[in-house]
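Colleague: One letter stands for each residue in the lines below.
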Amino acid sequence: MLSSSEEKPGQMPPGDGSIPPGKPMSFGQKMIDKGAQMVESLKPIKQMSQHVCTFALYSQDMSRQIETHHHVNRLNQDFLQCAVYDSDDSTARLIGVEYIVSDKIFQTLPPEEQKLWHSHAYEITAGLWMNPRAPEAIQKPELRDLAQTYGKFWCTWQVDRGDRLPLGPPALMMSPQGVNGGMVMPELVRKRDEKYKVSTDNLRMSRADVTVPETVLLSNADYWMQSEKGFAVDVEETDMKRIAPFP
Amino acid sequence: MEGENVSTQPEVPGEPTQTSTALLETATATLQGFGPVNKIHQHLCAFHFYAHDMTRQVEAHHFCGHQNEDFRQCLIYDKPDDDGKLIGLEYIISEELFLTLPDNEKPFWHTHEFEVKGGYLFMPGVPGPIQSQDLEKVCKTYGKTIHFWQIDRGDSLPLGIPQVMMALTRDGQLYPNLAQDVESRFGISFAKERENRAYMTGPAHGLHPLGNAAGRGLQTVLREVDCKPVESVPSVFV
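Same order as they appear, the protein sequences are chains A and B. All residue numbers for the first sequence refer to our numbering, where the first residue is 1 and numbers rise by one. All residue numbers for the second sequence refer to our numbering, where the first residue is 1 and numbers rise by one.
The hints are simulated quantities; they were obtained by calculation from the structure and are not laboratory data. Treat each hint with caution, since some may be false.
[Unchecked claim] Computed far set for chain B versus chain A, every beta-carbon distance over 12 Å:
hint : residue
1    : G119
2    : E183
3    : S189
4    : E195
5    : N196
6    : R197
[Said to hold, decoys possible] Examples of chain A residues lying across from chain B (beta carbon under 10 Å, computed):
hint : residue
7    : S3
8    : G17
9    : S18
10   : V72
11   : P141
Predicted model, so just to flag it, every value in this text is computed and none were measured. Glycine included, C-beta positions come from ideal geometry on N, C-alpha and C.
Taking the hints into account, I'd like the entire structure generated from these sequences.
Modeller: This is how it looks when you write it as structure tokens:
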């Protein structure tokens, strides 16, 4: 096995500790970017319509929990795709991708596929999932909808374990749940609440009327809850099927 | 065997977005900041194939932002349109950063020299001289690409596990029909680009022997692990 999402691949020089390491942008590069930006339309990027702040846990080790920032793009009423970052400022690192589907779509997935997905009902009704700087009242209808969805979240950069660059294969992430093993550490929540001047407790109370159908609560998602198993991703070397020499 | 044309891909299942949902999301968008997304300033089009299977090739539209001079992070879509599917991501690093990677990490990363000099990696709609200024830097970089959505096998949803991807490293790898399709849709000629880029040079230390998986295939595998025993974590709520 070449590498696993569970094991840090190896040591890197500590450098100045910056994540990622690297020289500041040169003036020349900034000018190049400005020139390009003036003519490019960047359409798919402009479709991102929501910023969500929530929490996720590593499927391979649920004691490792992170605050996440999702930039969400809705493709249709049943499907959303998210670029996930570790913060919401301009230096935020792209740490993965999450896909979100409605219950209707989730039910069409094969059981083996469903095991890779997590439910959103708890993290929304618990107030953990929120939209920074957007009034809760506006969000309510969307939250009712999203509380019945499922997500599939791959993390490609394990910043929380100190990786200064994205190392190893992607890791599968799970959502917070209201049972042992799925609870978010209070300190993480407190830190988030302080930064955005919100109260997760208050959000939870205001969402008491967000209900979730039984079918959603009894799904094959959140595999760890029934099986006490998570997933790691390994990468193995193999023969490449090829049509020409490589490299 | 021909490559699949991306325009024949199946639609994502689901109802059209309701007006009320769209309005709500527009309202939200005007109130929120989009920090890291606002830093995305560049669109690059290139080709990837699966790290275990060169016969499966896809057109990849990268939307990139710089973290610093040595590091870019890119979102990858199947097409540069409003309804583009987010199929993967790529990190692009300078040779200097690549050399600091542990040896069992280096194989994940592919070189860009051939696809830049070959003309296959380009910035749609951007005038040649501006492209060149940036591409001559990209020419020396390494990239790590992961795809989550295997649209080339007809998946209308992102099924399965992530796939490590590789990039073109020599003539004869890219399906001619894929190349011609991109050339005609974006109004460019790879042959012409190749001429324009003849002056560019790759990494100062040459292509690292561990890069491009040292010529091996890479395959991701899912493995079940036991959940570690957890003491009861104090709940936030009483």
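Colleague: Please go over all the hints and tell whether each is borne out by the structure.
Modeller: Hints, verified against the model:
1. G119: Given that every Cβ of chain A is farther than 12 Å from that of G119 of chain B, nearest at about 17 Å, it holds.
2. E183: holds (19 Å)
3. S189: The claim holds: S189 of chain B sits with its nearest Cβ about 19 Å from chain A, beyond 12 Å.
4. E195: The claim stands: E195 of chain B keeps its Cβ more than 12 Å from every Cβ of chain A (closest is about 21 Å).
5. N196: With a cut-off of 12 Å, N196 of chain B remains clear of chain A, as the shortest Cβ separation is near 16 Å.
6. R197: holds (15 Å)
7. S3: Since chain B brings a Cβ to about 5 Å from S3 of chain A, closer than 10 Å, the hint holds.
8. G17: violated (13 Å)
9. S18: Holds. Min distance 8 Å.
10. V72: Since the shortest Cβ distance to chain B is 8 Å, the answer is holds.
11. P141: Cβ of P141 of chain A sits 6 Å from chain B, so the hint holds.
Of the numbered hints given earlier, the model fails hint 8 alone.
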